[in-house]
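When you get a sec, could you build the whole thing from the sequences and use the hints?
Each chain is listed here by its residues.
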Amino acid sequence: MEVLTSLGHGFAVALEPLNLFWCFVGVFLGTAVGVMPGLGPAATIAMLLPLTFNMPPTTAVIMLAGIYYGAKYGGSTTAILLNVPGESASVVTCLDGYQMARNGRAGAALGIAAISSFIAGTVGVLGLMLLAPPLAKFGLSFSSPEYFALMVMGLAMVVLLAGKSMIKALLAMLLGLWIASMGIDLFSDASRFTFGQSELLDGVDFVIVAIGVFALGEVFGNMEKRGEGTMLPVPKGLRNLLPTMAELKACRFAFLNGSIIGFIIGVLPGAGSTIASFISYGVEKAVSKHPEKFGTGVPEGVAAPEGANNSETGGAMVPLLTLGIPGSGTTAILLAAFILWGLRPGPLMIQENPDLFWGLVASMYVGNVMLLVLNLPLIPLFAQILKLREYILYPIIFGISIVGVYAVSGSLFDCWMLVVFGLLGYAIRRLDYPSAPLILGLVLGDSMERALRQSLMMSQGDLAILVSRPISATMLILAIVLLCLPLFRRANQWRVKALEENG
Amino acid sequence: MRCKMKLRSSIIIAACAATLAAAPAWAQFKPTKPVEFIVHTGPGGGADVLARFIAQTFEKENLAPVRFTVNNKSGGGGLTAMAYVAEKKGDTHAIAVFTGNWLTNPLTRAEAKFTVKDMTPVARLVLEPALIAVKGDAPFKTLKDFIEAAKKAPGTMKQSGGSITSRDNVVRQLLMKDTGANWAYISFPGGGERIAALLGGHVNMMVVEPQEAGEHIKAGNMRVIATVADKRLGGFPNVPTIKEAGYDIPNVEQVRGIVMPAGVAPDVVAYYEDLFLRLSKTATWRKYLEEQQFEDGYMKSAELAKYFDVFTDQMRVILKEAGAKVVR
Chain A
42 MEVLTSLGHG FAVALEPLNL FWCFVGVFLG TAVGVMPGLG PAATIAMLLP
92 LTFNMPPTTA VIMLAGIYYG AKYGGSTTAI LLNVPGESAS VVTCLDGYQM
142 ARNGRAGAAL GIAAISSFIA GTVGVLGLML LAPPLAKFGL SFSSPEYFAL
192 MVMGLAMVVL LAGKSMIKAL LAMLLGLWIA SMGIDLFSDA SRFTFGQSEL
242 LDGVDFVIVA IGVFALGEVF GNMEKRGEGT MLPVPKGLRN LLPTMAELKA
292 CRFAFLNGSI IGFIIGVLPG AGSTIASFIS YGVEKAVSKH PEKFGTGVPE
342 GVAAPEGANN SETGGAMVPL LTLGIPGSGT TAILLAAFIL WGLRPGPLMI
392 QENPDLFWGL VASMYVGNVM LLVLNLPLIP LFAQILKLRE YILYPIIFGI
442 SIVGVYAVSG SLFDCWMLVV FGLLGYAIRR LDYPSAPLIL GLVLGDSMER
492 ALRQSLMMSQ GDLAILVSRP ISATMLILAI VLLCLPLFRR ANQWRVKALE
542 ENG
Chain B
2 MRCKMKLRSS IIIAACAATL AAAPAWAQFK PTKPVEFIVH TGPGGGADVL
52 ARFIAQTFEK ENLAPVRFTV NNKSGGGGLT AMAYVAEKKG DTHAIAVFTG
102 NWLTNPLTRA EAKFTVKDMT PVARLVLEPA LIAVKGDAPF KTLKDFIEAA
152 KKAPGTMKQS GGSITSRDNV VRQLLMKDTG ANWAYISFPG GGERIAALLG
202 GHVNMMVVEP QEAGEHIKAG NMRVIATVAD KRLGGFPNVP TIKEAGYDIP
252 NVEQVRGIVM PAGVAPDVVA YYEDLFLRLS KTATWRKYLE EQQFEDGYMK
302 SAELAKYFDV FTDQMRVILK EAGAKVVR
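Those protein sequences? They're chains A and B, same order as listed.
Sequential numbering of the first sequence, starting at 42, is according to the numbering used here.
Sequential numbering of the second sequence, starting at 2, is according to the numbering used here.
If you are wondering where the hints come from, they were derived from the structure by calculation, not from laboratory data.
In this text the structure is predicted, and so the values were computed from the model without any measurement.
Incorrect hints may have been included.
Claimed, not checked - If you want a taste of the chain A side facing chain B, the calculated C-beta under 8 Å gives, among others:
{"hint": "1", "residue": "Leu227"}
{"hint": "2", "residue": "Phe228"}
{"hint": "3", "residue": "Gln238"}
{"hint": "4", "residue": "Val328"}
{"hint": "5", "residue": "His331"}
{"hint": "6", "residue": "Ile366"}
{"hint": "7", "residue": "Ser452"}
{"hint": "8", "residue": "Met498"}
{"hint": "9", "residue": "Gln501"}
{"hint": "10", "residue": "Gly502"}
{"hint": "11", "residue": "Ala505"}
{"hint": "12", "residue": "Ser509"}
{"hint": "13", "residue": "Pro511"}
Stated by the list, open to error - Simulated restraints on C-beta separations:
{"hint": "14", "chain 1": "B", "residue 1": "Ala284", "chain 2": "A", "residue 2": "Glu43", "range": "37 to 45 Å"}
{"hint": "15", "chain 1": "A", "residue 1": "Leu171", "chain 2": "B", "residue 2": "Gln57", "range": "34 to 42 Å"}
{"hint": "16", "chain 1": "A", "residue 1": "His50", "chain 2": "B", "residue 2": "Glu62", "range": "39 to 47 Å"}
Note that beta-carbon positions come from the ideal geometry of N, C-alpha and C, so glycine has one too.
Quick look at the structure:
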């Protein structure tokens, strides 16, 4: 029960008025930057860092962490309402969230996102609190072959994201993989597909592609429909703006699935929250009784990825706090902040700075509650945006998208790239290609190629390294099962049909 | 565009204010409006943190009559910022942080339109030493142990590091050439992943910055077997440098300093040169170097120009040997 005593002590720290106040400021700012596409938590934390120099370190950490997990909450808002992913991890939320909004269930989708974020965020902190040291060891046992297998498993999800045509899904995925290969190759220092443009040396920013393909593609597609634009239905009355019991019940498994998958993937320093949300979406669809409805606006399709990207935060804190190893851009900046205050996250952190560790853990519980309370009342307000006429709404989406992209890099080149990917998104829609596999390929391509090449360098070119390690072998088998899933389904359909005909 | 214009007009307003306030002493150059401080990383990156610290120290210690505002020109692996500085030819109110990448990257990237030759060297500021580390329970107690093990089983020992143009790999290349040993080099994009690979036992050795490794060394998870530095480091008095360990290879420095656009008068360069000399003597700066475990590497403009040439020539040879395609 040592944990409970420590946690009690942590709550005493977190509930000090000063810490409570800054925790609120953190989660509030986090929600705000999460809602804004482009501007992400990493840049926000970096810019606010100087503000925290005069604070006690614990207070500062509580606030900056609040920005980090708060942004994950906010990211879903524009994804659901406008099909603009507010930050990279909410791309998956667009798939069903935006469809729910189109079906008049925008409020419900936002509500489910908030509730799922709350549950998963809390599970993530629970995991951080109870399992940090042993899990950190588990994270270290993952190396390149395991990451490669994880990415293969992720890529196998393409069979679940495909719409009517598997060929089209695979082509879209290949396009994504190709875009991912642009830029400088880490291993040879050669530049690939940069067309002589120095702007392309760092590759194509994922945010630009996601906003272009999803948001602008959607706007271009809708602009084509002439005449009186049909507005999205927004039901009146608070009750109709919140999820129904039936919807929440449908999400039971998704809450759990998202929480657990997000946390485990968060613990691995080389994965990331976008991968976590894709995998939990895929798992949800794979076990669902009505997989064919995914992509048309099912609540589970919102709950699973939103959950995963929130519990990923708790997971990502594990290697950061217990090993001093950051797994993402945001945690890297948090680490830099820790060092500036003279704190060194690492194996000795929990013993040497119990106040800070337990104070932070407790503040994350508090912050999650704050976020839920902060976000739920805003839902009816946010949902009103859909009442805007199209000739107002579309320019707004355009504006938000361009500002968002410009805010990341301050480069006009990137704004032109946004237009290019917007047109690509439009073409994809017109030709009836699914856009999710493209994004999947883009997210996984780079890390998957890297993991494969690292593995082969480790084994001096022997492919056996991929299957001789138990964790990677297991994941590769799972990937094969995933790939065979459509075949099973088809066989099953055929069997049912045969039975019906016989009977 | 709008933003830029706004920025420009606010600079003009500030400039007018500064001109009114400044005493009319024209004998020597003095900045009359806020100086743009260009860095090639986004907020929070290494060069950005350094620039912001310098700008803050200028204000705190009252070293300059104007403010220094950091401008992040990220992208293109540093080339975007380099092009930006080079195209500001003649601008006396712009300086930039350069790092070793500014010298190395143009060598291998055909896309680079400019090199540091298209800029004016101002001052070298810091040299960052590094450690050669192995896992805490590894059998290697000294660098020699590791090299001998690598010789016995060529190609099976592994080192984690950054891209092949990074210092990590340069140190490896030099050591391999000197000893005839041969081990694999596995690139990871993030510092965290490199450390995770070592701690998880997936690689045997790495070159790491003292700051990154500090806690792991204290906890016994990592052991330092040599330092990449000219002389022993304050934090590791018992660990020999590579040279002391018996391997006579040139010391590979990770360097940071200041450059400015080309085409500026000598008194302008002299002003900034002196400004950074005064900075390097403040207690705040001393403390910063100590905390970050950096070495003071102050060097004046003329020496720095020569240093650029020597460093670039050395890197060209090393990169060719490492198998990179050198384009200039």
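Consistency of the hints with the structure:
Among the interface hints, the one on A/Leu227 holds; its C-beta lies about 5 Å from the nearest C-beta in chain B, closer than the 8 Å criterion. Annotation: A/Phe228 was flagged as interfacial toward chain B, and the flag holds, the nearest CB pair being 5 Å apart, inside 8 Å. Checking A/Gln238 against chain B by beta carbon gives a least distance of about 7 Å; that is within 8 Å, so the hint holds. Restraint check, A/Val328 versus chain B: the minimum CB separation of about 31 Å is more than 8 Å; hint violated.
The interface hint given for A/His331 is broken, as the beta carbon of that residue sits about 40 Å from the closest beta carbon of chain B, more than 8 Å. Among the interface hints, the one on A/Ile366 holds; its C-beta lies about 4 Å from the nearest C-beta in chain B, closer than the 8 Å criterion. For A/Ser452, the suggested interface contact is upheld, since its CB lies about 6 Å from the closest CB of chain B, less than 8 Å. Taken as an interface hint, A/Met498 checks out: its beta carbon lies about 5 Å from the nearest beta carbon of chain B, inside 8 Å.
Hint status for A/Gln501: holds, given a least beta-carbon distance of 6 Å to chain B, under 8 Å. Interface hint at A/Gly502: violated, since its Cβ lies 10 Å from the closest Cβ of chain B, which is beyond the 8 Å cut-off. The criterion of a C-beta within 8 Å of any C-beta in chain B is not met by A/Ala505, whose closest approach is roughly 15 Å, and the hint is violated. A cut of 8 Å between beta carbons decides the hint on A/Ser509: the least distance to chain B is about 14 Å, and the hint is violated.
Annotation: A/Pro511 was flagged as interfacial toward chain B, and the flag is violated, the nearest CB pair being 15 Å apart, outside 8 Å. Take B/Ala284 and A/Glu43: their Cβ atoms lie about 44 Å apart, and the range 37 to 45 Å holds. For the hinted restraint 34 to 42 Å between A/Leu171 and B/Gln57, the CB-CB distance of approximately 41 Å keeps it satisfied. Between A/His50 and B/Glu62 the C-beta distance comes to about 41 Å, which sits within the given range of 39 to 47 Å.
In this structure, the earlier hints numbered 4, 5, 10, 11, 12, 13 are contradicted, and the remaining ones agree with it.
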